Amino acid sequence: MILELIVSALVFPGVLFISALSFFTEWYLRKSVAHMQSRMGPTYVGPIGLLQPFMDFVKLLVVKEEVKQKHSIIWLAELFGVLGISAIVSSLLLLPLSPIRIAADYDFLIYVYLLGVMVPIAMVAMSLCMSNPFVSAGASRLLSMILIVEPAFFAGMLTPISIATHISSSTPVFCEEAYCRSPPYSIFYSSITIGSAWSNFVYAAALITALAAVIVSVQAKAMLNPFNIPEAEQELIAGIKTEFSGPLLAIFNLLHNVELSSSILFIIYVFLGGPYPFRHLSIQGVLVLVAKYITILTLVAVVRALFGRFRVEQGVWILIKYSLIPAIAAVAMASLFNLYV
Amino acid sequence: MLIVSDPVSASIFISLMMLCLTLLLYLVVKALKPKHSGSGDESREMYLGGEHPNILSKPHVLQSGLYWAIVFRDFKRVYRGLVEKVHTGIAIDWAYYMTAWLLILLLLAIIALGVSSLI
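If you're matching them up, the sequences are chains W and E in order.
What the first sequence shows, in our numbering, is residues 273 to 613, in sequence order.
What the second sequence shows, in our numbering, is residues 61 to 179, in sequence order.
Just so you know, the hints here were simulated from the structure itself, not pulled from any lab data.
The structure displayed is predicted, hence computed values, not measured ones.
Be aware that a few hints might be false.
In the SDA-like style, the derived pairs of lysine to any residue whose C-alpha atoms are separated by at most 20 Å in a straight line are [unchecked claim]:
(1) W:K336 / E:V88
(2) W:K336 / E:V89
(3) E:K90 / W:R551
Looking from chain E toward chain W, a few residues come up when the C-beta cut is under 7 Å (computed) [stated by the list, open to error]:
(4) I63
(5) S65
(6) P67
(7) S71
(8) I72
(9) L81
(10) Y107
Idealized CB from N, CA, C, for every residue including glycine.
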């Protein structure tokens with residue numbers, strides 16, 4: 273079991289896998305957006321530039337100098353960066369993808385703690401370790417976005433989890449000597465149950481609404497156009513990452529990409545049932561999983577390519593209108609329907 | 061392998077794992093960093109787009125002010141509604157406001173009772 277745990281944490285779906293997935297995600301976003309805007313995108317390293325994000329990371333981490341600024345605390349910024357990455361990697365153990373899977377009553381709250389609390393705190397604290405007015409302005413913008421984005425994202429994610437809990441409460445899937453039941457509000461059990469909910473018209477309507485809301489909030493969580501407000505290149509130099517360089521910039525970029533990749537992975541499992549209707553260890557299952565990932569990623573890329581940057585108050589209101597309110601409406605619709613079915 | 065446990069044990073287990081991973085990754089980063097990186101006494105001034113650092117001594121908006129400015133601007137309509145319609149200084153307005161809230165709460169309580177009796 274110890275060996276399986278080490279493999280899960282460090283190799284699959286741990287540090288190595290999620291890092292590789294995040295490099296692919298960055299490459300796909302850059303390449304597809306470049307294609308939509310009649311540019312070439314990454315081309316230099318690997319076939320069609322596939323290894324460019326990886327080499328950028330290695331160059332920043334191993335070769336480039338970390339510029340020491342007078343009022344900065346670089347070691348603390350690095351520590352917060354790796355704390356954020358570790359929180360994301362640890363949360364992957366809640367998915368059916370992992371060799372070691374953890375399920376508990378209300379483990380959705382552990383997921384909220386890891387991705388909704390630890391990661392934003394790590395990101396804000398990391399940037400505030402570098403004293404600079406551009407960084408402070410970027411961090412204040414990031415805090416304003418977090419105020420709306422995180423509740424919207426997790427309200428959206430709560431919709432399929434409450435539906436799956438209701439469905440699985442009538443069909444027990446976990447048995448022990450003393451009792452036979454499925455843990456409520458568990459990511460693992462929601463992932464393996466949610467596929468069947470799409471056949472119900474009302475559930476499907478709630479799930480589509482929540483899925484749209486969650487995709488909008490992922491765009492903002494990942495600070496991609498039109499929500500690249502905290503970075504705001506040129507307007508705020510580079511916003512929260514103005515003073516980052518060398519290994520610190522490598523850690524920040526990795527944290528940013530890993531957060532996006534893991535958010536999409538959780539959406540695929542919690543909303544779309546992962547490889548549903550196939551099994552994990554089948555060719556069809558893997559193909560379906562890849563197809564779902566690419567579809568969501570393409571949606572994100574299209575939105576990124578279509579829009580320019582919003583102003584701060586514009587971004588906040590758009591998030592309230594198209595992410596927070598639909599997410600709350602979806603979870604309310606699902607909960608009311610659960611009461612009467 | 062599937063581990064089903066109680067929420068407290070699961071939280072402790074995952075938090076410990078996060079802590080161990082943090083330490084391990086931090087050591088890896090330290091080991092891989094170029095040795096000359098961030099060392100020595102050669103520390104630079106902060107990047108201010110070519111301006112002299114003296115510019116920071118001029119009066120400027122506080123960091124917390126940037127946050128509250130956005131919150132106040134976004135919730136201005138709510139604030140105006142509260143100031144203009146509720147806190148008018150007229151006692152009867154306040155009585156209307158409180159009565160309306162109590163009626164809404166009463167309505168919610170009746171709905172909740174109805175739903176719980178159905179279940």
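Here's how the hints hold up against the structure:
no.: 1; hint: W:K336 / E:V88; result: holds (16 Å)
no.: 2; hint: W:K336 / E:V89; result: holds (13 Å)
no.: 3; hint: E:K90 / W:R551; result: violated (41 Å)
no.: 4; hint: I63; result: holds (5 Å)
no.: 5; hint: S65; result: holds (5 Å)
no.: 6; hint: P67; result: holds (5 Å)
no.: 7; hint: S71; result: holds (6 Å)
no.: 8; hint: I72; result: violated (10 Å)
no.: 9; hint: L81; result: holds (4 Å)
no.: 10; hint: Y107; result: holds (6 Å)
In this structure, the earlier hints numbered 3 and 8 are contradicted, and the remaining ones agree with it.
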